[in-house]
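**Student:** Sequence:
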Amino acid sequence: MNLNQVTAPSLDLSKAISFYQKLGLELIVEVLPHYARFSCPDGNSTFSIHKVEELQKGEGVHVYFECEDLDKKVADLIEKGIQFDEKPNDKFWLWREARLKDTDGNQLILFYGGENRINPPWKIKT
Numbered sequence: 000m001n002l003n004q005v006t007a008p009s010l011d012l013s014k015a016i017s018f019y020q021k022l023g024l025e026l027i028v029e030v031l032p033h034y035a036r037f038s039c040p041d042g043n044s045t046f047s048i049h050k051v052e053e054l055q056k057g058e059g060v061h062v063y064f065e066c067e068d069l070d071k072k073v074a075d076l077i078e079k080g081i082q083f084d085e086k087p088n089d090k091f092w093l094w095r096e097a098r099l100k101d102t103d104g105n106q107l108i109l110f111y112g113g114e115n116r117i118n119p120p121w122k123i124k125t
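Numbering (numbering that gives the first Met the number 0), first residue to last: 0 to 125.
Because the hints were derived from the structure by calculation, they are not lab data. Heads up, a few of these hints could be off.
Stated by the list, open to error - Result set (DSS-like, lysine-lysine): computed pairs, CA atoms no more than 25 Å apart in a straight line: (1) Lys124 x Lys90; (2) Lys21 x Lys86; (3) Lys100 x Lys50; (4) Lys21 x Lys71; (5) Lys72 x Lys86; (6) Lys14 x Lys72; (7) Lys100 x Lys79; (8) Lys100 x Lys21; (9) Lys14 x Lys50; (10) Lys86 x Lys100; (11) Lys90 x Lys72; (12) Lys71 x Lys90; (13) Lys14 x Lys100; (14) Lys79 x Lys21; (15) Lys100 x Lys90; (16) Lys72 x Lys21; (17) Lys71 x Lys100; (18) Lys72 x Lys100; (19) Lys90 x Lys122; (20) Lys56 x Lys100; (21) Lys14 x Lys79; (22) Lys14 x Lys86; (23) Lys50 x Lys21; (24) Lys71 x Lys86; (25) Lys14 x Lys56.
Just so you know, these numbers come straight off a predicted model, no measurement behind them.
Construct the complete structure from the given sequences, taking the supplied hints into account.
**Tutor:** If you want it as structure tokens, here you go:
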């Protein structure tokens with residue numbers, strides 16, 4: 000299996016589309032007001048948003064977008080007016096992460112995992 004896409008809920012797709020384009024995703028499907036899909040600038044994954052009448056309660060979804068040069072990407076996004084809840088910092092699980100929320104409060108994590116992305120020291124050996 001290969002992950003094709005992740006879909007997040009949105010109350011207002013027009014606002015969400017603008018936000019995700021500012022992040023650098025390319026809009027490839029737009030069926031307003033119900034659905035939009037983006038291609039990621041690297042790799043073959045896509046990301047989509049769909050209209051909901053009410054957002055989920057609690058933490059909701061966490062979506063991770065990997066960035067080769069995380070610190071530069073975050074600095075560029077801050078210049079474009081994107082606000083981060085947490086600027087790039089090293090995590091004990093050996094990833095560098097920055098956190099922000101989209102226009103609907105979905106948690107987004109921009110990260111760089113390097114070799115530890117798939118092969119952390121605690122990986123189960125098969």
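**Student:** Indicate, hint by hint, whether the structure satisfies it.
**Tutor:** Structure-based check of each hint:
1. Lys124 x Lys90: 23 Å, holds
2. Lys21 x Lys86: 17 Å, holds
3. Lys100 x Lys50: Holds - the C-alpha atoms of Lys50 and Lys100 are around 17 Å apart, at most 25 Å.
4. Lys21 x Lys71: 15 Å, holds
5. Lys72 x Lys86: 11 Å, holds
6. Lys14 x Lys72: 21 Å, holds
7. Lys100 x Lys79: Roughly 15 Å separates the two Cα atoms, so the pair holds.
8. Lys100 x Lys21: 13 Å, holds
9. Lys14 x Lys50: 12 Å, holds
10. Lys86 x Lys100: Distance of about 12 Å is within 25 Å: holds.
11. Lys90 x Lys72: Holds, at roughly 18 Å.
12. Lys71 x Lys90: Holds: Lys71 and Lys90 sit about 18 Å apart, inside 25 Å.
13. Lys14 x Lys100: Holds: Lys14 and Lys100 sit about 13 Å apart, inside 25 Å.
14. Lys79 x Lys21: Answer holds: Lys79 to Lys21 is near 7 Å, not above 25 Å.
15. Lys100 x Lys90: Holds - the C-alpha atoms of Lys90 and Lys100 are around 19 Å apart, at most 25 Å.
16. Lys72 x Lys21: Holds, because 12 Å separates the two Cα atoms, which is no more than 25 Å.
17. Lys71 x Lys100: Given that 25 Å is the threshold and the Cα spacing comes to 19 Å, the pair holds.
18. Lys72 x Lys100: 16 Å, holds
19. Lys90 x Lys122: 17 Å, holds
20. Lys56 x Lys100: Roughly 15 Å between the alpha carbons, so the hint for Lys56 and Lys100 holds.
21. Lys14 x Lys79: Holds, at about 15 Å.
22. Lys14 x Lys86: The hint holds at about 23 Å.
23. Lys50 x Lys21: 20 Å, holds
24. Lys71 x Lys86: Given pair Lys71, Lys86 holds - Cα atoms ~11 Å apart, limit 25 Å.
25. Lys14 x Lys56: 21 Å, holds
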